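Note that the sequence shown covers residues 0 to 223 in numbering that gives the first Met the number 0.
Please note: incorrect hints may appear among the correct ones.
[To be verified] In silico EDC-like links for lysine to aspartate or glutamate, alpha-carbon gap of 20 Å or less: (1) 198 / 140; (2) 10 / 168; (3) 98 / 46; (4) 109 / 185; (5) 147 / 168; (6) 147 / 185; (7) 198 / 183; (8) 147 / 132; (9) 10 / 107.
Think of the hints as simulated: they come from the structure by calculation, not from any bench.
Keep in mind the model is a prediction, meaning the values are calculated, not measured.
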Amino acid sequence: MTFSISARCAKTGMMGIAISSSSPAVAARCAHAKAGAGVVASQNITDPALGQRGLVLLGDGLSARETLATLLDGYAFASYRQLAIVDRDGGTAAYSGEKALGVFGTFEGKDCVAAGNLLATADVPQQMVRAFEASTGHLGDRLLAAMKAAVTAGGEAGPVHSAGMLVVDKVSWPVADLRVDWHETDPIGALADLWMLYKPQLGAYVTRALDPTEAPSYGVPGDE
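The task is simple: from the sequences and hints, build the whole structure.
Structure follows, in structure tokens:
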């Protein structure tokens, strides 16, 4: 019921994930990222604890492949889960259990990995990776380029209704955590619109947190 792209920007070190599903609020359960650690997509009959534990392992210095092996070691329900991992150095790892839903698959690229289940075609993850690799600019722009490529390639077998994007940088909190938890027709388009609104303000929100004396004006009524 889900497709995702997890990635690292080699130029800036930013890391992030974009994800969409027919289920509501997919990013709340499946998207996990932490600055200095990495990214974990935990999807297909989701166990969010895998994402949480994966970030701890990545933060301890394990590679993506080591993290994947550790998560699966002795895990009773591995056959139901799908994981895609990017570490702080851009290393990737991916796994799909044999009980993943419908047409499913993963594809690893340079600094990125895509995963999906209940897909319209098995080619969707590869098309996402190719779009990310061919794109330029801010990591958020590149993640959305991959999501749009997924839609062009057929996306899910049925309509998607939620989407989200999580981006982390040098601070301990996400610099972007954008979600469209339910949309009747085009959650990825709505997410792209939200990103275009948020992107010019992203740096200002970080500045306000680090040093409010240097903060840009808020641009709201009553702000002087």
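Structure-based check of each hint:
no.	hint	in the structure
1	198 / 140	holds, 9 Å
2	10 / 168	holds, 12 Å
3	98 / 46	holds, 14 Å
4	109 / 185	violated, 28 Å
5	147 / 168	violated, 23 Å
6	147 / 185	holds, 11 Å
7	198 / 183	violated, 24 Å
8	147 / 132	holds, 14 Å
9	10 / 107	holds, 19 Å
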